[in-house]
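Reconstruct the complex from the two isolated chains, following the hints.
Each chain, written out:
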Amino acid sequence: MKNALCLTLGLTLLASSAAAQTAKTLTINGYGGTDQTLVNDLINRFVKPTMSKEGVTVVYRPLQGDYNQALTTLLAAGTAGDVMYLPAETLDGFVATKKILPLNGVVNTSPFIKTLNSAFTRGGRTYAVAKDFNTLTMVYNRDLFDEAGVAYPTNNETWTSLATKLRQVKQKLGSDYYGTCLTPNFDRFGAFAYATGWQQFGANGRTNLADPRFAEAFNWYTGLAKDKVGVTPSELSAGWGGDCLKGGKVAVVFEGGWIVNFLRDNAPNLKFGTALMPKNNKTGQRGNFLYTVGWAINSGTKNRAAAVKVLNLLTSPQAQQYVLEQGLAIPSRTSLQNSAYFKKTEAGAQNARLVFQGADDGNVRAFTFGAQGPDWAKPINEALAAVLSGQRSAADALKKAQADMTTFQRR
Amino acid sequence: MFRRGQSTATALLFLAPFLISSAIFFFYAFGRAIYYSFTDFNLFNDPQLIGAQPYAQVLSDPSFRRALANSLVFALVTTTLQTVFALLMAVALNNRLRGMAFFRSAWYMPSITSSVVITLIFLWLFQRRGVANYLVTQWQTYQPLILTFLIGLVVAQIIQVLLERRAGQPAGWFDPALAATSALGAAAVTAALVFLGVTGVREVPPFDYQYFADKWITLGGVQVLSIPLLVIIIQNTFTTVPTLMLFFLAGLQNIPGSLYEAADIDGATPFQKLTNVTVPNLRPVTFYVITVGLIGTMQMFDQVAVIGSAAPQQTIVTLAYYVYTNTFKAGAAPVNMASAAAIILALIILVMVFVQRRFFPSEAR
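For the record, the sequence lines run as chains S and R. So the first sequence is numbered by this note's numbering: it starts at 1138 and just counts up by one. So the second sequence is numbered by this note's numbering: it starts at 5 and just counts up by one.
Isolated chain R (complex conformation) (with noise of 0.2 Å):
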């Protein structure tokens, strides 16, 4: 007995700073928020109970209704982008290739560089004198160049392949030395019309898009996804990809290999062992990866906050940015409503996880 309550001592000591940092940080905190969101606390007065009217005003409050909607539509096209793209990255690098290691480093690179940084470098992508529009001027100035060139390539592919079937050979559409011997051709066709005038590089203006406007993706008059929010939504998958495929390499180390054996030989295509061997054996993995997913983005603030102004607020205005705004400004500021925005939002990713748990089961079948 004695032996089992100095035991239990001992692990509550061990335990003591996670156990006192979280009952500061989130218990007491959180605790403060719930009460806050019922007050009308606005930093400097003593908060006084005024029932759920924060709430009411939040609610009618045309730019959290943005915030709303920008976070449910981030979040979902989020996960779900980074969700297939870390599993197929992840396929691609469970392969036991050349070089492996040093692909799975440079993959993983965008993960632990700050957010910060990488929000600034895409700032900068997609400026309006940035690289994103100049590759597309560039596109549109070699048009004609890489059209000639890829129908030159396809035209002598095609020739190529006829012949060689002529001739007895099973030669496939995609035979690489084929096609080596088809874009050798390709770019000497290309050039000789280049140099007879017929074709060659235009005159382009300036390919002058805005990303970071007032422009919007609308779906039956309602706007639906902005294009601002769009460059969030890229940026923060690729950062976001090489974590998750982490979890999903892991994942994949654990499936059996008898049982790849077995499609094999059911004769089962790549595509086939994936969707029938792979994912369903990942589902405790994806589980963790969609349920960190969705909590991460639905709290996004960070790149928000760091393209602030440069782009209008209401275009990328988030749950978590709008908490913000209202907590910290000039002064007196409607934390009550700040406070129930937060109760909110968490109550928002309490149910996804909920619904997910329910309708989507994290064991292996």
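Chain S with its partners taken away, still in its complex shape (with noise of 0.2 Å):
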């Protein structure tokens, strides 16, 4: 009896060993955090029960931490998933690798957005599909203004015309209001830089700093930190700009649909609405960002045929829809423009449809940093913060920025 029951137990342990041998598991590498929920949600729903029916088995494995770092460690030693989130901010380190299967002729790009698929293609090839995007919106505190007898922001603001709307709040409120958050970053700087026409890059690769666009768009910006009309976050313990809002002492801040679902979280009785980015008064433009992430192939993956239809089911009509509905990107289906949910007039809704709307209105880059990778930023950053915590004056800072700018590129 006992021999019969080790015999039973010995054949099933082989059995299933040997299944899980034929059986094919595929990798999924993304973000940690709240996006774990989601995809995770998102895989069960799209992904499993299709690859499951084909006898592959799906995991999804976040990478907590600094994602790229963690990325580039997998990626060397070999163990990174077969299909996985590329940022298109660090694309150009990770094309450098020769471990991203180039996608041209495996997917079919075509549905999605051009500049998107432009944001992840690099000299002729395409790295990744866009998963979704977002872009910056103007957010605002819709009592800060009614208390203040000022009107709402609209899609038709100048930066003028804008500036006076956030001094005339900050004076009838007094000092502990102010008009806005603005983060010493170039990663929402930019986006004013550019609705003057500055370019990132010239036509020798190098960055301009000491181009009287990219000045005005400093100064500008700079500017509304004279009498505390704008702030930085730090200045009110805050990380960002949604944090500044959700305390409920500022009135505008410049953000993308991220925001939605924070303050629906933190501050569930802020009244906020949304309007389109300020245009640049001599340009009559509006400048914007595409922040994207893409959904990538590892070039060293042994299931290439499962990943592709893992990628083309993560980024199917169906999949884009609940992205789009969990209210936290805009998905980059073309297709998905008419979608009902953008009609709608509640406030997440009203918000998402600008994000979209922002995407190509007015002077719209991805948000890269070129091949250099992130350190490209820090001569803006270090001149935005030195400006706006008045250590230096906007001119000084330039001309540091500028030098700094150069000893960089040179390297």
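In silico DSSO-like links for lysine-lysine, alpha-carbon gap of 27 Å or less: (1) Lys219/R to Lys1363/S; (2) Lys1365/S to Lys219/R; (3) Lys219/R to Lys1537/S; (4) Lys1536/S to Lys219/R.
Hints in this document: simulated from the structure, not taken from any laboratory.
Rendered as structure tokens:
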């Protein structure tokens, strides 16, 4: 009896290990944090049912901490997932590793928004399909404008008219209130520089911070810090714009669609509205960033066919509709532009519509730093921090930033 | 013969875990780093030898030169401060006083706390709206009161001492009993002046110094030490002094009491005893403390990593951090440059210890 039991157990173990060997496992790498639940849900709904029919087990393995560093280590060690997130701003570094599979002829990229495809294209090769995207909008606290008796910001705001409104709010409400939060960082300020027509890289591949157009945006942005109409988030013990708005003391912030869920969770009673980014007075154009993360395939994957299938499922119209309705980001498929969700009047849906509209209104550029990586933005960030904290004059800071940029780009 | 062979084998067996781990994680890793520093390795390619080119690239990198300068300044200042304070603290704790066990444990606390936690606390202390600025604001606010009190105290003490001396009593300038009376008098005078409206609390704007900004102490136009690095120096001294103090304390217990008795008979002052008896007899311990201090400070990394982007990178970048940022980037990274910088760092530490051994003998004289 005992022997029979042992035999049965042994055979079951053998059978299960044999089954494990034949079944394929496909790993997906992505962000940890809040993405973890959403992406797991996405995979459970739209990927697993199809793939399990083909005998492929799909596993989501989020990378905690600094995603780029963690992915680099896994790629170098040959243990990265088969399919993975690829942020557009670090694309160049990853392309240089030759570990990202070019998708030309592998995946059909035509159903996706063109500017997004070009954000992932280098030298004619497309390395990822945008999973979704975001742009900047102007998000404002309705109550503060009502209380100050100032009209809400509109989609036709210019830099001057917006600054006037912010000053009025500040004047009416007193020293505890502020017009806006100004992040001392290129990832927000850059949008204003683009509005003037400034180019991130000139024909020679160099960045010109001495360009009068750059200086115009720099002076306007830092000029708001005068009389504390604009403050840096750290002055309000906040980490970013959403945190500033949450406190109820700041009238306007420049943020993307990610602010909607944050406000829903952290300031459920705050009544907010959204408007498009203000236009530069001279050019009459808005500036904006396309922040995007794509799905890419590991060139060393052993399950290429399955990986391609998973990528297609992750970017399918159904999956993208789901992403849109979760309010986290805007889908990248052109066909979803007419989604009924965009027509809703609720504040979150209104924000989503304007984030979407921002993608091709004015001077919109993908959020990237070029081949030398995120260090590129440092001279600009330092200049912004120095002027916003009153340590340097704008002219002085710009001169130093240009000198630092020249040294950096010579490396 | 057999027994000797057997005991060697036993010794090797017991040493095996240490030998294997240092062979893998030290000798092999060090060898690889030297090899990579002469190649074009970027984590993803097959390394090809390219000679000393990575070293030339590293030396011409302004960020490396800043890291080198920061590391050297940090190592020299911190090692000096922590050695001096550790010695003074050990001398103080070597006395037989009531509750000494409590002080010994209390002063050792910073050393056993995680450096990440202490760095976070320091970040908080030195924020724009942190405790350091708050205390300065409070000082400025209450300055009239404090100054009135201090002036009153000094004047009252002088008057009392002069009166005592006139009466033929041998009163010292710092006599505690008289000081207590003077303090009471000064407090009464200050209270009276506040009541009369002559002096009072000042209205001052909050002190707004940014410790983690691009601010430098310059010498002849050369940026020597940044304020953020100065904060790290203070923090590092605060956390390492207790450990080094323990070494000094152990050393102090070994100095024969007869030497101090002889000094007492010769009429030496406490300062003379410190410089002529304690310091020379602690030479072996001092050598150890300075060596450990220099190596530790030259390799400082954790505080810089935790502060991260809260301060401009060039103000706090050290060699160890430079090596790290060049190895862990998004995608292909200049690992050959990072290896070259790591080898340069190792050479500098080696030279420092060698120079110290050569010119500052470790034996007691």
